[in-house]
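Chains as they are written, first to last, in our numbering: chain A, 1 to 114; chain B, 1 to 420.
By construction, these hints were calculated from the structure, which means they are not laboratory data.
Computed from a prediction, not measured in an experiment: that's the story for all the values here.
Treat the hints with caution; some may be incorrect.
[As the list claims (entries may be wrong)] Every beta carbon over 12 Å from chain A, so not counted as near; a handful from chain B, in silico: (1) 36; (2) 61; (3) 68; (4) 88; (5) 174; (6) 195; (7) 343; (8) 372.
[Unchecked claim] Straight-line C-alpha distance at most 35 Å; calculated DSBU-like pairs for lysine-lysine: (9) 11(A) <-> 55(B); (10) 349(B) <-> 55(B); (11) 71(A) <-> 337(B); (12) 11(A) <-> 222(B); (13) 324(B) <-> 16(A); (14) 16(A) <-> 2(A); (15) 71(A) <-> 2(A); (16) 349(B) <-> 2(A); (17) 71(A) <-> 55(B); (18) 181(B) <-> 53(A); (19) 386(B) <-> 2(A); (20) 16(A) <-> 349(B); (21) 337(B) <-> 324(B); (22) 71(A) <-> 324(B).
[To be verified] Every beta carbon over 12 Å from chain A, so not counted as near; a handful from chain B, in silico: (23) 131; (24) 199; (25) 200; (26) 205.
For each residue, glycine too, the CB sits at the ideal point set by N, CA and C.
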Amino acid sequence: MKELICIVCPKGCHLKVDEENNYAVTGNACPRGAEYGAAELQHPVRVLTSTVKLNGAARRCPVKTNGSIPKGLLFEAMRVLDDVELTAPVTVGQVVVPDLLGTGVDVVATKSFA
Amino acid sequence: MYQLIVIGGGPAGLAAALKAKEEGLENILILERDKELGGILNQCIHNGFGLHYFKEELTGPEYAGRFIAQLEGTGIEVKADTMVLDITAREDGVKVVSAVNGAEGYMTLETATVVLAMGCRERTRGAISIPGARCAGVYTAGAAQHFLNMEGYMVGKRVVILGSGDIGLIMARRMTLEGAKVLACVELMPYSGGLNRNIVQCLNDYDIPLYLSHTVVDIRGKDRVEQVVVAKVGPDRKPVPGTEMVFDCDTLLLSVGLIPENELSRQANVVMDPRTNGAVVYENMETSLPGVFACGNVVHVHDLVDFVTAESQRAGAAAAAWVKNGPAASARTIELKNGAGVGYTVPQKLRLDAVDKAEIFFRVRQVYGNASIRVMDGEKQLAAFKREHMAPGEMERITLPRKLLEMAAGDTLTVEIAEA
Ligand SMILES: Cc1cc2nc3c(=O)[nH]c(=O)nc-3n(C[C@H](O)[C@H](O)[C@H](O)COP(=O)(O)OP(=O)(O)OC[C@H]3O[C@@H](n4cnc5c(N)ncnc54)[C@H](O)[C@@H]3O)c2cc1C
Ligand code: SF4
């Protein structure tokens with residue numbers, strides 16, 4: 001039995017995961033918690049958010065991975081973003097880096113700039 | 001004359017304005033002092049917003065962007081880069097809002113109703129009086145967040161964070177990912193003020209130690225921070241001599257709490273609640289000034305923007321009802337008092353005739369395991385709600401139906417916590 005705090009939403013349910021019983025989860029207020037609890041002990045993943053350069057603008061363009069990537073790839077992913085430069089117009093949801101590090105997950109813009 | 005002026009264009013102001021429009025108001029104006037709408041969400045580039053409201057996990061800019069996009073075609077007027085200076089209620093009930101901007105200069109605007117949605121700001125070093133050198137390198141976590149996420153500047157390379165509020169936790173992860181070394185997160189209280197999920201994914205994920213019941217006792221450095229001294233505190237929250245640890249660092253981030261930004265409300269003589277530092281509000285988010293409503297972080301500090309949106313929609317709908325039907329009248333008003341373990345409640349007052357179901361938000365004063373939230377009429381228990389876990393960092397919510405409120409013998413009810 002392992003105790004975890006669900007990080008899928010800000011509610012932060014206190015989960016108990018039974019490794020011996022097919023990673024069965026209790027304490028979750030919704031099914032997403034069960035999925036998280038089982039996955040966290042086997043192959044932890046995270047969503048990455050950061051910013052990239054926006055040419056000719058005083059502000060950075062915020063971005064995110066549009067799915068979770070393996071936790072171990074976070075720093076490598078940050079290095080990929082170092083070299084990305086965008087120019088307005090940018091639309092929210094626009095793909096900034098396709099297939100990040102072969103994960104099948106894209107990096108997308110999270111804000112529009114006219 | 002406007003039917004509604006909304007002060008502040010963050011998620012609270014946006015939701016209030018959109019809801020008032022939906023409820024039939026035509027002349028609505030949003031005044032925002034920043035260059036763009038969206039409020040604090042513009043710098044909160046992390047995800048975790050919107051799970052309740054949109055049923056998906058959004059980043060701050062995405063969450064704000066959805067409401068900003070909804071403004072289009074509504075005819076809601078927006079003046080950005082405009083600072084509101086003063087609100088006064090004239091004897092005829094009309095409110096006069098004075099504001100200033102670069103293009104139009106000083107202006108006075110008349111309106112039937114006002115929604116206060118000015119958000120909050122961070123406590124600074126001065127507000128908690130940390131001893132030590134007055135050198136560069138001490139920032140509030142939110143200021144560091146603005147520099148990094150909006151302007152693209154890192155404020156330091158070796159960082160100690162005082163306070164385990166959410167902004168500090170989020171910045172610990174953010175600065176680590178950008179290449180800084182975060183040496184420690186130091187918290188005065190025996191528990192963290194931040195959300196559990198942020199402790200897990202911002203500190204534990206990166207092996208950043210959290211020192212509970214510790215505080216910063218000295219800041220050393222000539223021009224720039226060079227060292228921060230941390231010590232354990234006793235049950236009296238005073239440093240225990242001999243427990244000092246010295247961290248070599250160039251930056252100290254403060255995440256020591258938020259204060260609702262209520263200069264305007266105070267000037268307008270809105271009755272304030274010393275526990276929330278926000279206005280005392282009724283069930284529909286109306287303040288003590290008739291026709292002046294308040295919502296979002298300016299009323300009480302929220303950790304979930306979804307609740308800000310819900311609360312602000314109530315304020316917007318109430319402003320629309322006020323314009324259409326006049327002030328809410330009620331023969332009976334119940335005041336909610338805090339009993340053991342409860343820090344405050346919002347709303348503080350309920351006009352019985354205007355309530356169908358009242359949603360009550362509050363924070364507990366300490367961490368609880370199995371416990372129940374009790375609604376008491378003197379010694380008599382009217383309702384109890386079981387909880388497996390409660391913490392001051394997580395806002396609690398209960399719903400009280402009118403039937404239950406009508407059972408009160410007098411005009412007060414008490415909300416309290418009883419441990420199982
Ligand atoms: C760092 C941080 C992390 C957070 N993380 C999460 C999270 O993960 N998930 C989540 O759900 N919630 C999160 N929140 C909470 C959420 O963002 C806030 O509760 C929400 O933004 C509050 O909205 P608001 O509109 O009340 O205030 P704000 O967003 O602060 O907006 C207030 C607006 O009023 C304007 N204003 C103030 N005074 C004046 C004046 N005199 N004249 C004109 N305009 C004025 C300000 O410029 C500002 O734009 C976080 C908050 C912070 C600070
Ligand atoms: S179990 Fe569901 S409700 Fe609980 S924290 Fe996880 S996602 Fe949120």
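Each hint tested on the structure:
1. 36: With a cut-off of 12 Å, residue 36(B) comes too close to chain A, as the shortest Cβ separation is near 9 Å.
2. 61: Since the minimum Cβ distance to chain A is about 4 Å, residue 61(B) lies within 12 Å and the statement is violated.
3. 68: Residue 68(B) not clear of chain A: closest Cβ-Cβ about 9 Å, inside 12 Å.
4. 88: For residue 88(B), whose nearest Cβ neighbour in chain A is about 36 Å away, the distance exceeds 12 Å, so it holds.
5. 174: Its Cβ does come within 12 Å of chain A, the nearest being 8 Å, so this is violated.
6. 195: violated (5 Å)
7. 343: holds (19 Å)
8. 372: Its Cβ never comes within 12 Å of chain A, the nearest being 17 Å, so this holds.
9. 11(A) <-> 55(B): Holds, because 13 Å separates the two Cα atoms, which is no more than 35 Å.
10. 349(B) <-> 55(B): At roughly 31 Å apart (the allowed maximum being 35 Å), residue 55(B) and residue 349(B) satisfy the hint.
11. 71(A) <-> 337(B): violated (46 Å)
12. 11(A) <-> 222(B): Status violated; Cα separation ~43 Å.
13. 324(B) <-> 16(A): Measuring from Cα to Cα gives roughly 52 Å; hence the hint is violated.
14. 16(A) <-> 2(A): holds (6 Å)
15. 71(A) <-> 2(A): holds (19 Å)
16. 349(B) <-> 2(A): violated (44 Å)
17. 71(A) <-> 55(B): holds (24 Å)
18. 181(B) <-> 53(A): holds (23 Å)
19. 386(B) <-> 2(A): holds (24 Å)
20. 16(A) <-> 349(B): violated (40 Å)
21. 337(B) <-> 324(B): holds (32 Å)
22. 71(A) <-> 324(B): violated (54 Å)
23. 131: holds (34 Å)
24. 199: violated (8 Å)
25. 200: violated (5 Å)
26. 205: violated (7 Å)
This entry does not satisfy hints 1, 2, 3, 5, 6, 11, 12, 13, 16, 20, 22, 24, 25 and 26, going by the numbered hints stated previously.
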